[in-house]
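Engineer: Here the protein sequences line up with chains A and B, keeping their order.
The opening position of the first sequence corresponds to residue 1 in this note's numbering, with each subsequent residue numbered one higher.
The opening position of the second sequence corresponds to residue 1 in this note's numbering, with each subsequent residue numbered one higher.
Among the clues, some could well be false.
For each label pair, taking beta carbons as the anchor points, the in silico distance ranges come out as [stated by the list, open to error]:
no., chain 1, residue 1, chain 2, residue 2, range
1, A, G185, B, E145, 51 to 59 Å
2, B, P101, A, F489, 46 to 54 Å
3, A, I447, B, K23, 57 to 65 Å
4, A, L246, B, K77, 51 to 59 Å
5, A, L409, B, K81, 49 to 57 Å
6, B, K77, A, G185, 22 to 30 Å
7, A, L27, B, E99, 35 to 43 Å
8, A, F12, B, E116, 46 to 54 Å
Here are the simulated lysine-lysine pairs, DSBU-like style, with alpha carbons at most 35 Å apart [what the hints assert, rightly or not]:
no., chain 1, residue 1, chain 2, residue 2
9, B, K124, B, K138
10, A, K381, B, K138
11, B, K138, A, K189
Honestly, the hints are just simulated from the structure, not real lab data.
Being a predicted model, the structure only gives us computed values, none of them experimental.
We put the beta carbon where it would ideally sit given N, CA and C, even for glycine.
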Amino acid sequence: MIIYIYNILLFFIMLLILFFFIMNFFLFLYPLEWLFFSFKFNFYFNSMIFSFILLMVTSSVLVFSSYYLMGELNFSYYLMILLIFVLSMFLLNYSYNAISMLISWDLLGISSFFLVLFYNNWDSCSGSMNTVLTNRLGDFFLFVFFSTSIFSGMTMLTYSFMFWSSLIFLILTAFTKSAQFPFSGWLPKAMSAPTPVSSLVHSSTLVTAGLLLLFNFNLMLMNSFSMSIIFFVGLLTTLFSSLSALIEEDLKKVVALSTLSQMGFSMMTFGLGMYFISLLHLLSHALFKSCLFMQVGYLIHCSFGQQDGRFYSILKFSPIFIQIQLLVTLFCLCGMLFTSGLVSKDIILEFFFFNKNYFIIMLMFFITVYLTFFYSYRLWKGLFNNFSLSFMHYSSSGLINFISIFLCLFSIFFIWWMNFNLIFIPSFFIYLDFYVPLIYMFLFIFINYLLLKFILKDMVYKFLGDYLPKYFTNKLDSLKFFDNSLFNFSNYNISYFLNLSNIFNFYLYSNYFNSVVLVIFFLFILI
Amino acid sequence: MESPAWMFTKALSHRQKVCRLYKRALREVDAWYGGDMLNVRFQKVLMRARFDAYATEKDPRKAQLMLADGCKEIWEKRHFKPFRFSFDPLGSSYDREREAPDQIVDSEQWTLAEREQFPYWFNKREQRKKELLQHWTKIEKDWDEEIAAIQTQLPKEKLPGASA
């Protein structure tokens, strides 16, 4: 039975690859064209690439879900909803009309609701309500947008109705679906879905639907107002989600927040005007993010559903296969050399600095790019920070060890090849802007931190043990958390001065967010 | 009484309270320092040292006050997302599989032909239903006796210096 499915999938993949190499190919297919009641499709290069990647991801996710949900009584129910979801995603991909977009958009939201609701426990119910209500809000915005265009042709190529008030609804609907800044609450909460759902839905399809909508309307959105909104919100999203990923303890939520970060990155790229490169970044991200979800899901399944990353290292969880694959996937995420992420990320970074921006925007961008490294390292370290290597470990299936090899290799080599051939830029001018030396400044600070950490070990006790408590006990009633990290026997000491934020407790009654307040305060001073 | 707080109230000795606090403290250490096993173990040793420093305290009032301080400290230093095992309440895979109620077996969907494939199970089920009906009055009487056995009168206070 599964062989038939693979046969059909291979056929479609071959068909798509054929159309790959013809960049001028487009096919407008209008099954119905009755002015308002039309149903149109467009088969062209962007859609072909995306559906190719979608097919790869879907087939991997099908195999993975047969492993993850083995023994599940409602497996056919799950498959049905998953196939409805995949169908609606393909419909959205190829749709060229308001009604077909609306139908597929709504179907996406509803099927993702039922997918998150698969386990009927409290977490699933609350997460799915979050998801569906936010998505429904996006549906409302989309409907309003299409209603404002009711007196023109309902196609994607008209300029006759461009008031910014209709565009703002389009932008808002893309923000809700792609979980950008004000609407990003639902994505971490939707991690109470089973992991195959997360690897398909929340890595490559649902959150990219908003961006696909923007790609289709890119002619309308090429004005400074919309672009600046999209750019700034994308930047904020990627910064805040990267920051949250540093603190989050749940493995799947960390991966979800990294997804969000990359989505914000793509949105930002779109806000710079580079919609095709944004699509390429989306594609490479889709591959290795679903790959990452599957690897993390494998580890979660082997530990019987434990998603909290705090106790993974004691379980001797270092099968060398999955460790290396996870490392490679995380390298792709960070945009390391010779992986797929490099090609899109490098170009985006370069084009970002072609513009003159405020210092704070440059700073936020830099911090975000570095933070991807930090949370990737944190994810990897938390899982494999034990000092013994085992060859194999408990697993209900040995095959799944190797499932992500295919996606990893594919994402590295294919995307590299494809992007290299697609981005026909004859020469790169390395444009040394004013802010480029910031890279070296950060490197300088990091290396100095490492050196000073060892040089000033004795100062830790002298300053923090003798001087500081004497000074502050004359002023305050308590220093609640400063003694937590006095004797920190680990290799990631960073909180020597973060604990001092509670000296502001006199005015601000909080122990958790004062450092952020401090940073924002200093940023405002600088500006 | 409407509130079931009486079910969870018990007179605990000081030793029991201290041990419960110690376990909670270790769990908080797990939550805050989790991920790096070396550091976790180190911090747990420090916590144990803090408890052991005053383990031989003789004054009961001072011990009580220190226990109260410890409870306050643990309340203030609790983690925003404490570690839970996945099958425990508030864990990630809690309440995923639930048993269906037995009554679905008694519905008309289970036809006679299907029931005859499992004669032992269904006959035992009928037998147990009959026994339960007979036993029900006894169960209710036991519950009434248990509730009546709960103390409603406070013991008489013995003033210091009063003779027994």
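Engineer: For each hint, tell me whether it holds in the structure or not.
Structural biologist: Verification of the supplied hints:
no.	hint	result
1	A:G185 <-> B:E145: 51 to 59 Å	holds, 53 Å
2	B:P101 <-> A:F489: 46 to 54 Å	holds, 53 Å
3	A:I447 <-> B:K23: 57 to 65 Å	violated, 42 Å
4	A:L246 <-> B:K77: 51 to 59 Å	violated, 20 Å
5	A:L409 <-> B:K81: 49 to 57 Å	violated, 36 Å
6	B:K77 <-> A:G185: 22 to 30 Å	holds, 27 Å
7	A:L27 <-> B:E99: 35 to 43 Å	violated, 53 Å
8	A:F12 <-> B:E116: 46 to 54 Å	holds, 49 Å
9	B:K124 <-> B:K138	holds, 21 Å
10	A:K381 <-> B:K138	violated, 60 Å
11	B:K138 <-> A:K189	violated, 48 Å
Figure legend: structure checked against the earlier numbered hints; hints not met, in rising order: 3, 4, 5, 7, 10, 11.
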